[in-house]
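Q: Residue numbers (numbering that gives the first Met the number 0), protein chains in the order written: chain A, 0 to 247; chain B, 0 to 253.
Keep in mind that the hints are not guaranteed to be accurate.
Straight-line distance between alpha carbons at most 20 Å, and here's what the computed SDA-like set of lysine to any residue pairs gives [said to hold, decoys possible]:
| id | chain 1 | residue 1 | chain 2 | residue 2 |
| --- | --- | --- | --- | --- |
| 1 | A | LYS46 | A | LYS213 |
| 2 | A | LYS244 | B | ARG145 |
| 3 | B | LYS89 | A | ALA149 |
| 4 | B | LYS89 | A | GLU146 |
| 5 | B | LYS89 | B | ALA58 |
| 6 | A | LYS244 | B | ALA29 |
| 7 | B | LYS199 | B | ASP26 |
| 8 | B | LYS89 | B | LYS21 |
| 9 | B | LYS199 | B | SER2 |
| 10 | B | LYS89 | B | SER177 |
| 11 | A | LYS244 | B | ARG95 |
| 12 | B | LYS89 | A | LYS244 |
| 13 | B | LYS199 | B | ARG214 |
| 14 | B | LYS21 | B | SER2 |
| 15 | A | LYS213 | A | MET0 |
| 16 | A | LYS213 | A | PRO39 |
| 17 | B | LYS89 | A | GLU153 |
| 18 | B | LYS21 | B | THR227 |
| 19 | B | LYS199 | B | GLY30 |
| 20 | A | LYS28 | A | GLY15 |
| 21 | B | LYS89 | A | GLY150 |
| 22 | A | LYS244 | B | PRO94 |
| 23 | A | LYS244 | A | PHE178 |
| 24 | A | LYS46 | A | ARG216 |
| 25 | B | LYS21 | B | ALA189 |
| 26 | A | LYS244 | B | GLY147 |
| 27 | B | LYS89 | A | PRO172 |
| 28 | A | LYS244 | B | ARG148 |
| 29 | A | LYS213 | A | PRO50 |
| 30 | B | LYS21 | B | ALA58 |
| 31 | B | LYS21 | B | ALA226 |
| 32 | B | LYS89 | A | LYS213 |
| 33 | B | LYS89 | A | ASP148 |
| 34 | A | LYS244 | B | THR97 |
| 35 | B | LYS89 | A | SER83 |
| 36 | A | LYS213 | A | ASP36 |
| 37 | B | LYS89 | B | GLY30 |
| 38 | B | LYS89 | B | ALA178 |
It is worth saying that the hints were derived from the structure and are not from the lab.
Keep in mind the model is a prediction, meaning the values are calculated, not measured.
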Amino acid sequence: MAVVAVVVLHALAIQGTGFEPGLLVDGWKGMAAFVADAFPPDLSWDKTIRPGLEATLVTLWIGLLGTTFSVPFALLLAVLASRSTAPHRLVYQGARAVLSFFRAVPDIVFALIFVTAVGLGPFAGVLALICHNTGVMGKLWAESMEESDAGPQEALRTAGANRIQQVANATLPMVVPQFVGLLLYRFDVNVRSSLVLGLVGAGGIGLLINQSIKSFRFDSMLTHIIIVLVLIIVVDQFSAWVRRKLAA
Amino acid sequence: MDSPLLSVRGLHKSFGNRPVLKGVDFDVRAGELLAFLGANGSGKSTTLRCVMGIAQPDAGVIAVGGDDLGSLPWRQLQEARRRTAMIFQKIHLVPRRTALDNVCAGALARIPTGRSLSPLFFPRSVQQEALECLDRVGLADRAFDRVGRLSGGQQQRVAVARALCQRADIVLADEPVSALDPHAAEQVMALLQHLAHVEKLAVAAVLHQPDLALRRADRCIGLLHGATAFDLPSSEVDAAQLDALYAPDRVVAT
Chain A
0 MAVVAVVVLH
10 ALAIQGTGFE
20 PGLLVDGWKG
30 MAAFVADAFP
40 PDLSWDKTIR
50 PGLEATLVTL
60 WIGLLGTTFS
70 VPFALLLAVL
80 ASRSTAPHRL
90 VYQGARAVLS
100 FFRAVPDIVF
110 ALIFVTAVGL
120 GPFAGVLALI
130 CHNTGVMGKL
140 WAESMEESDA
150 GPQEALRTAG
160 ANRIQQVANA
170 TLPMVVPQFV
180 GLLLYRFDVN
190 VRSSLVLGLV
200 GAGGIGLLIN
210 QSIKSFRFDS
220 MLTHIIIVLV
230 LIIVVDQFSA
240 WVRRKLAA
Chain B
0 MDSPLLSVRG
10 LHKSFGNRPV
20 LKGVDFDVRA
30 GELLAFLGAN
40 GSGKSTTLRC
50 VMGIAQPDAG
60 VIAVGGDDLG
70 SLPWRQLQEA
80 RRRTAMIFQK
90 IHLVPRRTAL
100 DNVCAGALAR
110 IPTGRSLSPL
120 FFPRSVQQEA
130 LECLDRVGLA
140 DRAFDRVGRL
150 SGGQQQRVAV
160 ARALCQRADI
170 VLADEPVSAL
180 DPHAAEQVMA
190 LLQHLAHVEK
200 LAVAAVLHQP
210 DLALRRADRC
220 IGLLHGATAF
230 DLPSSEVDAA
240 QLDALYAPDR
250 VVAT
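Extracted from the complex, chain A is given alone in its bound form (with noise of 0.2 Å):
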């Protein structure tokens, strides 16, 4: 029953979307020649390269703010959202309702509202991030906490620490390295994210990639792709560092 059920929804998933391997066959040669019009790669310092790293640099920057502003209020929601520090189930539905809000909202719809209020530019991508962001780690914090060994927390509430005593000193503690590992996999997410929005002129290298396109100069695309892979693996390699730095 569960397979023929499987089975239907991909069926109706492949009429939906339109998927034909067939198209992509027959058109392998428009594709052919866009990846050779991209080759060689435009490596001139003053025309490709340069703008290329400072808009790396301004897209780096717009994930990492992005990330750390949004810390406190998916802390501070993550707590209210838990089960196991939540002050009262009221207050523990709205702070869930409020992170499915922030969740459900994609970045790129928050970007374009904040693009109305500051303009055109990487503040609007950062205030995009820290929103979309605040509901994604607040929700994975909140899970993380409620999943941690709670014995710690009880036995400081037996020894009479009030609620946010127990939550600092117990609860908290008990999921650092959860937390970090969470906050570096955003980072990496919101480093990508942040491309994306350069596409809608939040600025960054993902702006430069789309003028790029447009401009039919798939050359300075393919440069500005290999320096994104770069920052990506980078980027990668950081978390990586860090998460067994904790683990030691």
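With chain A fixed as given, assemble chain B onto it according to the hints.
A: Frame of chain A, contents of chain B only:
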């Protein structure tokens, strides 16, 4: 004889339709180490959890220093609770924090909330007292080590130090040595005995090692199916009584 620091009368507790405690009575006096013995499910841990307020008893009187907890106003109830510390089988320390920070946490009830959000803000007097508590359990030299790097026996001694930093005069220990090797178990039991006999605290421990209980405790209470089977000085507990606790079916059969 001194009046008991902790006195429990007619303690009843059921989980759903299943009665777990059917009228448990006991006293613990200052300077006394009491051991609870009994098979799994006999109600030993539930008794301690009821006394600590972790589980709510259905009926019975729990008195600390002569005051019935059920009739105390909130503030006095908090003070009575502060006088009672719990040591857990699973230790329940924060492994990433130092032994000193974990011991300081025992004093949270008397630290203003604003100064207890991080160990960095703990008052110096509390840190000094925590260090003295670690010294009392023989771990002053490991004060700045992370708890996760200590052995199981050392971790349980840190938990005892946390109870001391709570300034409790009643210490309840729920299977404090079940997860420890025999040597570490002896050390922890010697420490509990020291707290009772030298520091004059009232100590009650749930134990699954009758031999350890008979050697270390002053008095043993045997629980069978949620009721008191015996309450005797350790020297008067015999093998037949222990058999009746741990293999009641076999005793009946013979």
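Q: Each of the hints needs a verdict: does it hold here or not?
A: So, going through the hints one by one against the coordinates:
The suggested pairing of LYS46/A with LYS213/A holds, with an alpha-carbon distance near 16 Å, which does not exceed 20 Å. Between LYS244/A and ARG145/B the CA atoms are separated by roughly 15 Å; this keeps the pair inside 20 Å, and the hint holds. Distance check on the hinted pair: LYS89/B and ALA149/A sit about 11 Å apart at the alpha-carbon level, within 20 Å; holds. The suggested pairing of LYS89/B with GLU146/A holds, with an alpha-carbon distance near 17 Å, which does not exceed 20 Å.
Simply put, LYS89/B and ALA58/B have alpha-carbon atoms about 28 Å apart, too far for the 20 Å limit, and the pair is violated. For the suggested pair LYS244/A and ALA29/B, the alpha carbons sit about 47 Å apart, so the restraint of at most 20 Å is broken. Distance hint between LYS199/B and ASP26/B is fulfilled; the C-alpha atoms sit about 15 Å from each other, no more than 20 Å. For the hint pairing LYS89/B with LYS21/B, the CA-to-CA distance comes to about 27 Å; that exceeds 20 Å, so the pair is violated.
With a C-alpha separation of about 13 Å, the suggested pairing of LYS199/B with SER2/B holds against the 20 Å cut-off. A distance of roughly 9 Å separates the Cα atoms of LYS89/B and SER177/B; the hinted pair therefore holds under the 20 Å criterion. Proximity of LYS244/A to ARG95/B is assessed by CA-CA distance (about 13 Å); at most 20 Å being required, the pair is judged to hold. Note on LYS89/B and LYS244/A: the hinted pairing is violated, with a Cα-Cα distance of about 27 Å set against a maximum of 20 Å.
A hinted pair counts as satisfied when its Cα atoms are at most 20 Å apart, and LYS199/B with ARG214/B qualifies at roughly 19 Å. With a C-alpha separation of about 25 Å, the suggested pairing of LYS21/B with SER2/B is violated against the 20 Å cut-off. A hinted pair counts as satisfied when its Cα atoms are at most 20 Å apart, and LYS213/A with MET0/A does not qualify at roughly 49 Å. Distance restraint check for LYS213/A and PRO39/A: the Cα-Cα separation of roughly 18 Å lies within the 20 Å cut-off, and the hinted pair is therefore satisfied.
Taken as a hint, the LYS89/B and GLU153/A pair is honoured in the structure, with Cα atoms around 12 Å apart against an allowance of 20 Å. Of the pairs offered as hints, the one joining LYS21/B and THR227/B holds, with about 9 Å between alpha carbons and a cut-off of 20 Å not exceeded. Under the criterion of a C-alpha separation no larger than 20 Å, the hint pairing LYS199/B with GLY30/B is consistent with the structure, at around 4 Å. Distance restraint check for LYS28/A and GLY15/A: the Cα-Cα separation of roughly 26 Å exceeds the 20 Å cut-off, and the hinted pair is therefore not satisfied.
With a CA separation close to 8 Å, the supplied pair LYS89/B and GLY150/A stays within the 20 Å bound. This hinted pair checks out: LYS244/A and PRO94/B have alpha carbons roughly 16 Å apart, not beyond 20 Å. Of the supplied pair hints, the one linking LYS244/A and PHE178/A holds, its CA atoms being roughly 14 Å apart against a limit of 20 Å. Our distance criterion of 20 Å between C-alpha atoms is met by LYS46/A and ARG216/A, whose separation comes to about 12 Å.
Between LYS21/B and ALA189/B the CA atoms are separated by roughly 32 Å; this puts the pair beyond 20 Å, and the hint is violated. Distance restraint check for LYS244/A and GLY147/B: the Cα-Cα separation of roughly 16 Å lies within the 20 Å cut-off, and the hinted pair is therefore satisfied. Taking the CA atoms of LYS89/B and PRO172/A, the gap is about 17 Å. The hint holds against a cut of 20 Å. Proposed proximity of LYS244/A and ARG148/B is supported: the alpha carbons are some 16 Å apart, at most 20 Å.
Taking the CA atoms of LYS213/A and PRO50/A, the gap is about 17 Å. The hint holds against a cut of 20 Å. Between the alpha carbons of LYS21/B and ALA58/B the distance comes to roughly 9 Å, so the proposed pair stays at or under 20 Å and holds. Between LYS21/B and ALA226/B the alpha-carbon distance is near 5 Å, which keeps this suggested pair within the 20 Å criterion. Only pairs whose Cα atoms come within 20 Å are accepted, and LYS89/B paired with LYS213/A is rejected, the gap being roughly 63 Å.
Only pairs whose Cα atoms come within 20 Å are accepted, and LYS89/B paired with ASP148/A is accepted, the gap being roughly 10 Å. The straight-line distance between the Cα atoms of LYS244/A and THR97/B is roughly 18 Å, inside the 20 Å bound, and the hint therefore holds. Between the alpha carbons of LYS89/B and SER83/A the distance comes to roughly 19 Å, so the proposed pair stays at or under 20 Å and holds. Distance restraint check for LYS213/A and ASP36/A: the Cα-Cα separation of roughly 14 Å lies within the 20 Å cut-off, and the hinted pair is therefore satisfied.
Under the criterion of a C-alpha separation no larger than 20 Å, the hint pairing LYS89/B with GLY30/B is inconsistent with the structure, at around 26 Å. Annotation: proposed proximity of LYS89/B to ALA178/B holds, straight-line Cα distance about 8 Å (limit 20 Å).
This entry does not satisfy hints 5, 6, 8, 12, 14, 15, 20, 25, 32, 37, going by the numbered hints stated previously.
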